[in-house]
Every structure is written in C-alpha cells, then in structure tokens.
Amino acid sequence: MADQARRSGINWAGLAVLLALLVVWEASVRFGLIAFEFVPAPSSIAAGAIRLSREGILFTDLLHTLMSIAMGWGIAMVIGISIGLLLGFSSIARKFGLASVEILRPMPGIAFAPLGLLLFGFSLQTELVVTVLPTIWPVMINTMGGVANIHPRLTDVGQTLRLSPTEIVRHLLLPAALPSIIVGARISLSLALVMAIVAEIVGNPAGLGYGIVREQQAMNPDLMFAYIAVVGILGIVLNAGVLAVTTVLWPASTRSMA
Amino acid sequence: MSDPVFECRSASVTLSLSGGARPIISDINLDIQQAEFLSIVGPSGTGKTTLLRMLGGLLHPTSGEVRVNGAILTGPPEGVVIVFQDYANALLQWRTVAANVAFGIERKLPAKECTDRVNAALDLVGLSRRAEDYPWQLSGGMQQRVQIARALALRPAVMLMDEPFAALDAMTKAGLQDELLRLRDQTRTSFVFITHDIEEAVYLGDRVAVLKGSPGRIEDIVKIELPSLRDQISTRQMPEFLAYRYGLHKAIGHG
Amino acid sequence: MKFRFWALITAGLGIALSAIVVPVRAQAPKLVTVRAAYIPVVTWLPAWVAKEKGFFTKHGLDVSLTVAQNLSLLPGTVGRQFEFVPSTATDLIKAVAGGLDVVAVSGEVFETEDNASTYVMVRKDSGIKSAKDLAGKLIATPTTGGVIHVATLYWLKKNGVDPASIRAVEVPFPNMADQLKAKRVDAVESLEPFVGALKAAGNVQLTAPLLSAGKEVVFPFWISSGEWAKGNKSTITAWKASLDDAMAFIKQNPDEARQILAQYTKLPEAVVKATPFPTYRTAITAKDIEVWANVLREVGQLTTTVDPQKLVAH
Amino acid sequence: MSQRLPKFPFLGRLLMQLPSPLGVLPLIAVLIVWQILQKGNSPYFPPPSAWWSGIVQSAATGKLLPACLASLQTILVGMVLATAAGVMLGVLIGLSRRTARALGPLLEFCRAMPPPAIVPLAILFLGYDERMKLTIVVISAMWPILLNTASAIQRIHPILLDVATSFHLSFYERIRFVAIPSVMPSILLGVRIALPLTIVLTLLVEILTSIEGVGALMITAQRNFQSGQLYGLLVLVGLFGFFLNTVFSMIQAIILRRWPPRSIPA
Chain A
1 MADQARRSGI NWAGLAVLLA LLVVWEASVR FGLIAFEFVP APSSIAAGAI
51 RLSREGILFT DLLHTLMSIA MGWGIAMVIG ISIGLLLGFS SIARKFGLAS
101 VEILRPMPGI AFAPLGLLLF GFSLQTELVV TVLPTIWPVM INTMGGVANI
151 HPRLTDVGQT LRLSPTEIVR HLLLPAALPS IIVGARISLS LALVMAIVAE
201 IVGNPAGLGY GIVREQQAMN PDLMFAYIAV VGILGIVLNA GVLAVTTVLW
251 PASTRSMA
Chain B
1 MSDPVFECRS ASVTLSLSGG ARPIISDINL DIQQAEFLSI VGPSGTGKTT
51 LLRMLGGLLH PTSGEVRVNG AILTGPPEGV VIVFQDYANA LLQWRTVAAN
101 VAFGIERKLP AKECTDRVNA ALDLVGLSRR AEDYPWQLSG GMQQRVQIAR
151 ALALRPAVML MDEPFAALDA MTKAGLQDEL LRLRDQTRTS FVFITHDIEE
201 AVYLGDRVAV LKGSPGRIED IVKIELPSLR DQISTRQMPE FLAYRYGLHK
251 AIGHG
Chain C
1 MKFRFWALIT AGLGIALSAI VVPVRAQAPK LVTVRAAYIP VVTWLPAWVA
51 KEKGFFTKHG LDVSLTVAQN LSLLPGTVGR QFEFVPSTAT DLIKAVAGGL
101 DVVAVSGEVF ETEDNASTYV MVRKDSGIKS AKDLAGKLIA TPTTGGVIHV
151 ATLYWLKKNG VDPASIRAVE VPFPNMADQL KAKRVDAVES LEPFVGALKA
201 AGNVQLTAPL LSAGKEVVFP FWISSGEWAK GNKSTITAWK ASLDDAMAFI
251 KQNPDEARQI LAQYTKLPEA VVKATPFPTY RTAITAKDIE VWANVLREVG
301 QLTTTVDPQK LVAH
Chain D
1 MSQRLPKFPF LGRLLMQLPS PLGVLPLIAV LIVWQILQKG NSPYFPPPSA
51 WWSGIVQSAA TGKLLPACLA SLQTILVGMV LATAAGVMLG VLIGLSRRTA
101 RALGPLLEFC RAMPPPAIVP LAILFLGYDE RMKLTIVVIS AMWPILLNTA
151 SAIQRIHPIL LDVATSFHLS FYERIRFVAI PSVMPSILLG VRIALPLTIV
201 LTLLVEILTS IEGVGALMIT AQRNFQSGQL YGLLVLVGLF GFFLNTVFSM
251 IQAIILRRWP PRSIPA
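Chains as they are written, first to last, in the numbering used here: chain A, 1 to 258; chain B, 1 to 255; chain C, 1 to 314; chain D, 1 to 266.
Rather than coming from a laboratory, the hints here were simulated on the basis of the structure.
Check each hint, because a few of them may be wrong.
To be verified - When the alpha-carbon atoms are kept at most 30 Å apart in a straight line, the in silico DSSO-like pairs for lysine-lysine are as follows: (1) D:Lys63 / C:Lys137; (2) C:Lys53 / C:Lys30; (3) C:Lys53 / C:Lys240; (4) C:Lys215 / C:Lys310; (5) C:Lys58 / C:Lys273; (6) C:Lys266 / C:Lys287; (7) C:Lys215 / C:Lys124; (8) D:Lys63 / C:Lys158; (9) C:Lys132 / D:Lys63; (10) C:Lys273 / C:Lys310; (11) D:Lys63 / C:Lys157; (12) C:Lys183 / D:Lys63; (13) C:Lys58 / C:Lys240; (14) C:Lys215 / C:Lys132; (15) C:Lys157 / C:Lys129.
Take the sequences, apply the hints, and build the full model.
Next comes the structure, spelled out in structure tokens:
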C-alpha cells in the first residue's frame, strides 16, 4: 500500500546499507585492520573505476558481458522453458527423459570449458557454452513445477468453455504456470551473469570477467575490484530491470516478488 | 442486566488505502451480553468484516473505543476468538484435524488437558472420526466445523463469526446453525455473527444489528422475541419470524 | 641417352622457371598468415617486440596475437584456432601422452643459474630454511601439475623429502604475497616480477626450483600441431628468425622493450622498470624436453614412455 | 470433494516423486552411439569404454575414494547450511518489506559475485580449509532457497496471519508454527534447485584451488589430458547427483505427505 508508492522511487534504505558497509571497509583499510596488497580501500576502487571509465575500456567490457549474458540467458530460456513444458505436460516425456535430465543437472558447467575451447577456441561461443548449460536448469525446473502445480480443474474449465486444447494451453495453463516460470527466469538470469563472468575468467578473454583477471595479473587490485564492483552493480541493475519489466508485462505475477 | 462482555463506544475505523484514507465504519455503539447471540446483517461493502476485525482486536478503532470485560482493547483479547469465512486459508493445512483444533491451546495447557479438550470439541462438532485426517481431505462443511471446534477448544467467552456458513450448502448450513445454538446454551458463550442472510440472522439472533451505508453505521438493532428453542421448520414459518424478516429487509433497503 | 636428354631438358627448364619465379617472389612478398596466442607476462615479450618492430613482416609472416588466460588449456587449441601457442615441457609431455598431436617448435625462455626467475619463497620469520623444513607444509603453486610445481617436488625429493608429504593449493601469482602474509600458506612458488614484490615485502627465497633439473633448463616455449609443423618448416624457420631478431633487439634496447612490455601487460611503471628480463633463446632440442620427462617420472607424474625425439619439430 | 483419497496416498505420492528408471534410456542411447562412432582414442571425445578405464585407473591410485568423501562432506554440510541460511534470510525478507528493501541491493550484489573472484578473498580471510569451501558454497547456493522462501512468505494468505494474531502467537511462534510450515513446499522446491548447485559449486571451488576433492581430480585429469578420466568423473558426479536428488525427493515426499497434494512442487 504505502510501500507500493515507495517502491517506484529510489531505494534509500538499500543504498544506506551498502554505504555503511563501504564506510566500515574504508575505515578498516585506513586504520590498518585490513592490510593486504590485494584488498584496496573503496575510495581507491572508486578512483580506479573512474579511471577505467575515462579510458572507455570499462564500457566496452561491460557491453561485451551484457551481450553474452543476454545471449546466454536467451538461449537458456528457450531451451529450459521448452524442456520444462515438455516434461511438465507430457508424462511420457517425464518417464523417458526426467532421469537423464537429473543426471546432467549436477555436472559442473565449468568442466565443459575445455570442450568449448576445443570446439570454438577462446571465443564468444565458448563463453556461451559455459553460460548456457547451468543456466537452463532453474528455469526448466520451475517451468516443470509451475505446470505440475496447475489445478486440474483449470483444464475442466477450459473444456466447459469449449476451448481447443491449444487454447487451453495458451489462455489457461501457460498463464497459470507463468509466475513460477518467471521466478525460474530470475534465478537463471543471475546465474547467467555469474557464469558469463566465470567463462570470461577461464575461457574467453573479453568482458568484465577478463577485466578482473587482466587487472589482477597486472597487479592493479584497485582496478580489479573496480571490475568486481561493476559486476555486483550489474547484478543489482539486472534484477531491478527484470522486476520492472515483469511488473509492466504481467502485473499479477510479480505481486509476491521481493 | 449484568455488565456487557463487549462494549463499543462511538468506534470508527478509517483505513489508508491506495486511493487515500477511507472511513469504513463510523460511530459504532454496541453492547454484547454474556450468552447473547448478536447477528449483524448488512449489504456488502458496509464494513461488516472490518467491524468484526475491530472486535477481534486485529484492527484498532481510529476513534472511539472498544472494551472487553471493561478493559480497553489493545490487541486480540483473551477469551475472544474469530471464526473466519475462508476456512481453507484459516486452517493449517499441514496439521491433522486434531492438531488444528489443538492449535490455540497446545502452548498453554498440559498435554493431557489439551487432548481432552480437543476430543470434547471434536465431539461437539461431530468430527471425532476424522481427527487424524488432514483438512484438505475434508469437505467444506467439515473444514468449517474444524475451525469452529478449534475456536471452541479455547473455551472462549465470545466467538466472532464472519459469514461462517456463506460457502456451505443449505443442509450443512442448517445443521451447523442448530449446533451453534446448542453450543451457546451449553457453554454460555456469546456470539457475534456476521451474515448477509437475513433469515439466518433472525433464526440465530437474540438481537439483529443492521449495518448500513458507507461508511457503515448501525442503523437499527432489532430484538428478536421468538421462542428460545428454535426449529428449522416451525420457527421459520412463524408469523413473527416472517415479520422480522420483512422488517429487516425493509430496513436494509431491499423493500 | 634418351633419358639423359630429357633429364637435361627438365633440369634446364627447372632452373629457368626458378629464375623467373624467385625474383618475382622477392619483389612482392606474399605474407604467410600465422595465428598465435600469448599470456600477458614478460616471458612472451619477444613476440610482441617482433610484432611491434616489424620483425615478423621482415621474415614474411603476418602474425595475429591473441591474449589467453590459461596456459594449461592452450594445447587443445593448436591447429584449430592457433598455429603457435605457449606451453611448458610438462604440459607438452602430458599432452602427447594423452594422445594430442603437438610438438615444440621454438624455444622462448630458459632458466639459467645466473639468471633465474622462479623461486620458492617463504616468510622471513617462518623458520623454514631448507627443503627438510617444508615437509608436511602447505605450498601455493600457480598450477599443481605445472612445470614449476613439478620442479619443486623434484627438488624436495632430491633433498630427501617425500613429495607426497607436501600439500599444494593453486593461487594466482598476484595473490601469493597476501596469502603468505596472512599465513594461509607456508611457502609460495613465484615468478618474476612477482618475486621482486615478495622480496620487497620481506620474504626470502628458499631455492630456484627449476635449476634442480639442470644448470640451464627450458622453461616456456612455443608449440604447434605436429602435422602442421611437418608441412610448414619454412614458416617455423621464419618464426624463429623473427623472435631471434626481437631477442637481440631487447638486449640492445631494453628501455624500448620495457615500453612494449608495459603496453602488453599493463603492469604499473615501477613494476615494469623492476622486471628483469629472463634468458630468451629460440633453439630447442629433444634433450631439453627429455630432462623434464625424467623429472616427471621421478616425481611419479609420468608412467608411460614418450620418445623425446617426437616432442620437438625437426 | 471429500473422501477422494487414494487408498495409499503416501506410498503413491512417494513413488510419483521418483523419476522413472526408464528415463536414463536417452543417455544410454547417446553413450552407445558415441561408443560405436568413436573408434580411435580421441584425446577430446574418448569413447565411454575409456571413461570406465579412466575411473578404474583413478580408483587404483587410491585417490578417488578420499576425494569423493571430501566432496561429499562439503556437499552435505553445505546443503544444510545453505538451507538454514536461505530460509532464515528468506523469512526475514519475506516478513518485512523494510528489511527486504534494506538488504535487497546488498544481496543482489553478493548474488552476482562469481566464485573465481571471491575465492581469493575467502582464502585470505578464512584459509585453505573446509570453512572456506563451505563459505563459498553456501553464499552461492542459498539463493534459490532464499528467493523461494521470501516469495512464498509474502504469499501467505492474510487470513492465516490473522489467525496467528488472534491466537496470540509470539513472533517466534508465528514463524515456527505458521510461516515456515505454510511455505514448506516452496522451501523444498528451493532446496531441490540448490542441491545440484551445491554439487557444482563444491566442484568449482575444488577446481579453482586444487583442494582435495573430486573437482581437484577433474582439473588434474584435464591438465594431464586424461580425457577419459575426466568424462568418467563427470558421469560419476552426474550419477551421484541423481542419487542425491532421488533421496531428497523421498525425504521431500515424506515431509510433504501432510500438505495438500497440489502444493507438492515437481
């Protein structure tokens, strides 16, 4: 209610918490409580970030990572939702496919980095292999769960209203499963971000992930942490963005989201 | 007359909704005596549920005051329990019927006494045989009886009921209505019973309060002088019953 | 007679043809395209110098250099994405033992007694003075199966310490100083220019582990696919000649070389200035690799036999 | 509506939870085709028979079992801790919009942290031990549990909260007796998503640091170009994850036998 109004504005409370942590960090470095070469103070990280953005390199790296997140997430969405719907709606698919999916699920995506490297070299494709594989699962499971949780009566409703099977799926079942799919999509998105960064650290020398490695190798911890900070801020922005988009497109489905 | 269990003195509730502050009920004055059955009727949107939530201590009056046994009400009062219309959401679906009935007393009473009270309450509502089932395995009427049993197990002085039978079929409803009256006589509990069904209000009530307008106000309180032993068929055919019914319809504006 | 006649004619035509062709080539040299990967550390400076100073072009090569993060993943990309990639003896031997068709084509850096670049370092106050003191300790290494760690294990073994008694964890070079300082590890295997920083922070060197394998041992070098190496000998020769020129240039113009180093590694100026140049050399023989095959076998990381002759392109 | 109970509701639902063993057929088919097509010993796509010999070889060195046990310990303890942390934070955030707003950006920041970037920091402050492994695993694996819990808490029907208030439940009792049980199906759904994530992250930390575990064996196999062993280990992890998932499904079914059938997540 009153929160609803506040929601659209800037989240001052959240910013205050972040700021307080930064102050504590700054103080611990200043007063020598943390004294490591590779843990710089927030002020020097900020200075580093400004330097990087002046050079324009930060922006180029950010763009690359954004693009690979978008592509990786997009591909994972298509695959994950398709398999999820198939497994959710078809008991035959579940019978003959679920166990295979469950075996593939716990395999670490990063183990496929060498395979990606072999097939695609140090390239965007390798990055996508590493990003897409783990990103598929959350949205797939949530889609399957969303479909399984649809009340059986909904199909009856559709039949009474003389809807065709495709209409029942389109107008009744998919909307009913949508909130669950959206939650899965959100989990997948942050996973796509993490995995894209990981891929850039181990496989594809580009983007924010490589920025972290590059500045680490170049012994510029302030710049390295500047990249890490940008990754974190990207996480906040992406989440807020997804929330805003889903609120506009499907107001009913986001009622419950944090 | 003895002191009232419940007193409302010019109580009003204003809620802040998305459209701004809106008065829901206004200037409510009510007394409820021990073992009295007070029905409250009114068209939808007159703040019946808000009134009940205020009596139950879930909402604070914006102005005026509510007293229970003479003390100003600040939260849910001891000895007052609410039975909600929406039984499916009011029950703890993951607890058995018996565990649901025990919910209000299990933390306050020794296990033995608790079990006795649960069994007694289930007996009263006729659900002893379903004690180990889960609510989602029961019909709507049975679930509502579980909620009533849960309220009874507390041995409350006052039961506040919010259209408890609205979603039930006529047969179940009639059975539960008679059970309530029997319970009142057995336990001397006071009832505040909200309904939009005028016949039900007259059949059950010692008095019927009419809530009307926006914000809702008590328009009239009608004393129902029917034989205390009510009967679903004969009582409902008495000329007095029909007269009350007619009068209340008029008062509400169904003319 | 007839045969002789035709032989003469053929020979004559051949000479005439080459007389026409060769000058044409010299006039408009067509550059051979070569793709190579590198890691942004001082080791690969000659390639950058060769690129920046035009030595590759001079020798008829059009080289594209691509940065990579991880040396150990590189052998798999040979022949697909790259013609030349950096590698080490341990990686090469293990790759060949694993069935990959890769060979060493050109040397790069040699670890020598008078110019060592790799050290096992410990805290000054750690009380660790010799190999014996390291028994049962936790050591930070860039790669557990890499040449530096294998050399360290070999050094321990030679000094009577069971390599199995050492626990190793992987830490990137730049993070080693802090890990040592925080006492999370007892010793680190570090490399210039990080050794300089470690020394400045008050740590001491225990040994130069690579030298336990010999007085002058091959460190990183260039590899290519074996199949490709057979058919492109001239390209390999041109590659080595370009690097030789670059290595000579580095020796004569260290300041300018350091500028190129800064450009490619983005290291801070002070570090660039303090970075010593390792011993660069393009000549590499089967003997150089064999040393490491023996070391690997000694520390139990190689059980199959490999023919060192097949590990180097001839 | 009433009396529509199957005769053995619990047993039936328990079996429904388990994926049919026939579901491994597609994988087996792929493996057979792979084995037939891959005649030679490819260094990158070795035939499944080489995977088996790789595993046998690894077991023969005596390193496989301790590595499995080390990883298993991290996975199980990590799972428990991630569930505890996810539920606690989820309840906190779900109950109060104010807390959700105050902690939201910080949590989103942490959620975006790639393990390779935080591993060096975690090591610096915690050292090379189980604590560090667990910290990384818990920090990264708790999100599905946290988000599912928070969102389900916010969806608790207001009537149920009225019941709690009207029955004089204390804050702790509200959480213990009303909030957590009513969101239990969602918590378990979150755990089910987090379970393979815990496995992946445990291996990732081991891959990144070479601390003892199956991940360390994987990176060693990869660096030594023993691709057969690498694939063998991957299959081992897959089977292990499948087993863990099946066990969890059964536990889930046992817990959820009290909840209305439709609230059981897939």
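Outcome of the hint check:
1. Under the criterion of a C-alpha separation no larger than 30 Å, the hint pairing D:Lys63 with C:Lys137 is consistent with the structure, at around 20 Å.
2. Note on C:Lys53 and C:Lys30: the hinted pairing holds, with a Cα-Cα distance of about 19 Å set against a maximum of 30 Å.
3. Between the alpha carbons of C:Lys53 and C:Lys240 the distance comes to roughly 15 Å, so the proposed pair stays at or under 30 Å and holds.
4. Distance hint between C:Lys215 and C:Lys310 is fulfilled; the C-alpha atoms sit about 24 Å from each other, no more than 30 Å.
5. Restraint check: the Cα-Cα separation between C:Lys58 and C:Lys273 comes to about 29 Å, which is no more than 30 Å; the hinted pair holds.
6. A C-alpha spacing of about 36 Å is found between C:Lys266 and C:Lys287, which places the hinted pair above 30 Å, so the restraint is violated.
7. A distance of roughly 27 Å separates the Cα atoms of C:Lys215 and C:Lys124; the hinted pair therefore holds under the 30 Å criterion.
8. Of the pairs offered as hints, the one joining D:Lys63 and C:Lys158 holds, with about 24 Å between alpha carbons and a cut-off of 30 Å not exceeded.
9. For the hint linking C:Lys132 to D:Lys63, the alpha-carbon distance of about 25 Å falls within 30 Å, and the restraint holds.
10. At most 30 Å may separate the alpha-carbon atoms for a hinted pair to count; C:Lys273 and C:Lys310 exceed this at roughly 40 Å.
11. Restraint check for D:Lys63 and C:Lys157: satisfied, since their Cα atoms lie roughly 21 Å apart, inside the 30 Å limit.
12. At roughly 27 Å between alpha-carbon atoms, C:Lys183 and D:Lys63 fall within 30 Å of each other, so this suggested pair holds.
13. A C-alpha spacing of about 12 Å is found between C:Lys58 and C:Lys240, which places the hinted pair at or below 30 Å, so the restraint holds.
14. A threshold of 30 Å between alpha carbons decides the hint, and for C:Lys215 with C:Lys132 the separation of about 22 Å falls inside it, so the pair holds.
15. Proposed proximity of C:Lys157 and C:Lys129 is supported: the alpha carbons are some 16 Å apart, at most 30 Å.
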